[in-house]
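K.L.:
Here is how the chains run, residue by residue.
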Amino acid sequence: MNMNVLLQSLPYLAKGAVQTLWMAILAIAIGSLLGVVLGLAAGSRSKLVRGSIDTFIFVTRGIPVLVLMFITYYAFPAVGYRVSSFTAVTVALTLYAAAFYTDVMRGALAAVPRGQLEAARSLGIARLPTVFHILLPQAMKSSIPPWLNTSIVMVKSTSYAAIVGAWELTYAAKEIVERTLATFEIFGAVMAVYFIICYPMSLLSRRLEKRAAVVH
Amino acid sequence: MSAMIEVRNVVKSYGSLEVLKGVSFDVAQGEVAAIIGASGSGKSTILRCINFLEDFQGGTIHVSGESVGYDTQPDGSRKHQSDKTIARHRQEVGMVFQSFNLFPHKTVVENVMSGPVLAKGMPKKEARTIAEALLAKVGLSEKLDALPANLSGGQQQRVAIARALAMQPKVMLFDEVTSALDPELVGEVLRVIRDLAQDGMTMILVTHEMHFARDVADQLLFFDSGRILQQGVPRDVLDHPESDRLKTFLRRFSEANYL
Amino acid sequence: MDWWMIKLRLIASIYPQMLDALGVTVTIAAASLPLAVALGAVIAMLRMFAPKPVSALLGGWIEVMRNTPLLLQMFLLYFALPMLGWRLDGVYCGILAIALQHSAFLAETFRGAIETISRRQWEAARALGIADRTAMWHLILPQAAVKVAAPIGNQLIILVKDTSVVSGIAVLDLTLTGKIILERNAASFEVFLVVASFYLALTVVLGLLVRWIENKTRTMAG
Numbered sequence: 001m002n003m004n005v006l007l008q009s010l011p012y013l014a015k016g017a018v019q020t021l022w023m024a025i026l027a028i029a030i031g032s033l034l035g036v037v038l039g040l041a042a043g044s045r046s047k048l049v050r051g052s053i054d055t056f057i058f059v060t061r062g063i064p065v066l067v068l069m070f071i072t073y074y075a076f077p078a079v080g081y082r083v084s085s086f087t088a089v090t091v092a093l094t095l096y097a098a099a100f101y102t103d104v105m106r107g108a109l110a111a112v113p114r115g116q117l118e119a120a121r122s123l124g125i126a127r128l129p130t131v132f133h134i135l136l137p138q139a140m141k142s143s144i145p146p147w148l149n150t151s152i153v154m155v156k157s158t159s160y161a162a163i164v165g166a167w168e169l170t171y172a173a174k175e176i177v178e179r180t181l182a183t184f185e186i187f188g189a190v191m192a193v194y195f196i197i198c199y200p201m202s203l204l205s206r207r208l209e210k211r212a213a214v215v216h
Numbered sequence: 001m002s003a004m005i006e007v008r009n010v011v012k013s014y015g016s017l018e019v020l021k022g023v024s025f026d027v028a029q030g031e032v033a034a035i036i037g038a039s040g041s042g043k044s045t046i047l048r049c050i051n052f053l054e055d056f057q058g059g060t061i062h063v064s065g066e067s068v069g070y071d072t073q074p075d076g077s078r079k080h081q082s083d084k085t086i087a088r089h090r091q092e093v094g095m096v097f098q099s100f101n102l103f104p105h106k107t108v109v110e111n112v113m114s115g116p117v118l119a120k121g122m123p124k125k126e127a128r129t130i131a132e133a134l135l136a137k138v139g140l141s142e143k144l145d146a147l148p149a150n151l152s153g154g155q156q157q158r159v160a161i162a163r164a165l166a167m168q169p170k171v172m173l174f175d176e177v178t179s180a181l182d183p184e185l186v187g188e189v190l191r192v193i194r195d196l197a198q199d200g201m202t203m204i205l206v207t208h209e210m211h212f213a214r215d216v217a218d219q220l221l222f223f224d225s226g227r228i229l230q231q232g233v234p235r236d237v238l239d240h241p242e243s244d245r246l247k248t249f250l251r252r253f254s255e256a257n258y259l
Numbered sequence: 001m002d003w004w005m006i007k008l009r010l011i012a013s014i015y016p017q018m019l020d021a022l023g024v025t026v027t028i029a030a031a032s033l034p035l036a037v038a039l040g041a042v043i044a045m046l047r048m049f050a051p052k053p054v055s056a057l058l059g060g061w062i063e064v065m066r067n068t069p070l071l072l073q074m075f076l077l078y079f080a081l082p083m084l085g086w087r088l089d090g091v092y093c094g095i096l097a098i099a100l101q102h103s104a105f106l107a108e109t110f111r112g113a114i115e116t117i118s119r120r121q122w123e124a125a126r127a128l129g130i131a132d133r134t135a136m137w138h139l140i141l142p143q144a145a146v147k148v149a150a151p152i153g154n155q156l157i158i159l160v161k162d163t164s165v166v167s168g169i170a171v172l173d174l175t176l177t178g179k180i181i182l183e184r185n186a187a188s189f190e191v192f193l194v195v196a197s198f199y200l201a202l203t204v205v206l207g208l209l210v211r212w213i214e215n216k217t218r219t220m221a222g
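Residue numbers (our numbering), protein chains in the order written: chain A, 1 to 216; chain B, 1 to 259; chain C, 1 to 222.
Incorrect hints may have been included.
Unchecked claim - With the C-beta cut set under 7 Å, the calculated list includes, among others, these residues of chain C facing chain B:
id	residue
1	53
2	131
3	138
As the list claims (entries may be wrong) - Straight-line Cα separation of at most 27 Å, DSSO-like style, residue types lysine-lysine; simulated pairs:
id	chain 1	residue 1	chain 2	residue 2
4	B	125	B	143
5	A	210	C	52
6	C	216	B	143
7	C	216	C	161
8	B	106	B	79
9	B	79	B	125
10	B	106	C	216
11	B	124	B	143
12	B	124	B	84
Don't read these hints as lab results, they were simulated from the structure. Just so it is clear, CB atoms sit at the ideal spot from N, CA and C, and this is done for glycine as well.
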């Protein structure tokens, strides 16, 4: 083991980790927002709206996130926008996250018992307040575990940016390994970073799932 | 030694909660005993002890002269029997549950065959002959190859009875077998049990069907908080309750039934 | 019109290459799934029945596999194994890495399925005098198998998409082939729309398969 290499590389890896975190945070935050909006819109009466959302989810979830990254990476220049590889990859991750979150949200909204809606209607509560005060809070709560699981997938997926050529933690690791050949040390350390981010999320998700299972 | 089932001073507790506080009774060969009582009175627990699905801390249970679950050592201490002995004992005691507990991935006839094949190692052909005869007996010859999920509750419960009978048990235990059924399906299951009684099967029924207990049972046991408060001929027990507890229990029942 | 013709001609010209690449992708998926299922089943059984230290160790292994990126697991096999004097071809590294990660997910699915088989099923078997080991093989595991059929199908869909990661270790699958064609021909991102359509076709077919399995197993799951 060559711990010196690892120590010397730490600042560079830390920079990569920051980049990775930014990608993940942006994708998860914007993706979640889109997920809630699209999840609500999926309950729309308009066939066009519902159909578009269905298609978006269907296509996005049906292809690898890596392929989506390549599409945005090459599509922006093709339509005349020069964006950084970071932006292209983050856009792809965000779209991917949005598709998953929308699906989660749609399912959670549908799972709120019909009686809740009927009770609200019989109390004379209008449509919008019903959605925001009765439907959404209940759906949000039950969607937290799948939201966490999707977010773990998103964090892990940021590493694919290295294949497309966007610089982040995994890319940085590969650079160092190619230079120093300290394969185990560097890749091991980088895996530990991902693990430290993802493991608490899985623990939390499992705990919430268990609690929900006990309540029902 | 004359009793088919002999229960003596059985004590059972979960931690500090005593569910059976010294229960004794006999069921003779060919006799039908019915147990009534509120939930939590220990009435289902004693059935589960007789089949050793639950262990118990004190007392003895004998079925057909053989000790259940424990052997008493010469020095008076109890020794847990081997799994093999317990399994052999269970083969002689048929049990039917409130929630049917059929094996969902096996067809009706396979469910009935499962005991003879998996516990006794009987060849499938032979087991199938037995199973078909038993299913005819409970009126389900038409459903041999159906999956449990496609049967009504009453039909599932009759399959469960046939499955228990396939082991040719000396004793049958029925644990609230009609409680999970829709009212209109109760009759078909009770009819099967009544036929069994007439055939001379030794049985214990834990039940809420008072009329049925009165008709079919030779003795009735009223369980309350882990004890037998009254036992005797059903007519005597039901018409002349000695304790306030039984009076209250019976009154609540007639109210519920005749609302 | 011209523009469309050019695009169409391009798409037509890359088809043979893409079909080869599709073969690679399908091979990797077809090889890694059975491996993952078998490995997952073994891990699940050991998790439940092996002595505590073994079970705990496997629990830790599962957590590491589930909470780190597939690409890095692949990198370790591809770049680090040769340093131990054990060189594996990229395709095999890909298959192995995918199988390892998915076996960790499947192991937990399997364990969950066995544990959700109701206590009452065990009791029904015991009441018939059936030994626990016999009940496990003949009554509990078949029910668990029915329960995991659809989850295995869903896992396969994720697995097919995960095969794209092998392009990170220079295996010429659909994704890397798309990239190479695109760069060599100075073609535009439409190449990746073709790539995407291949994956979509695969996942749609598998999705239909999963739905069929779900319908098939619903009555049996009880």
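K.L.:
What hints, given by number in increasing order, does this structure fail?
P.N.:
1, 8 and 9
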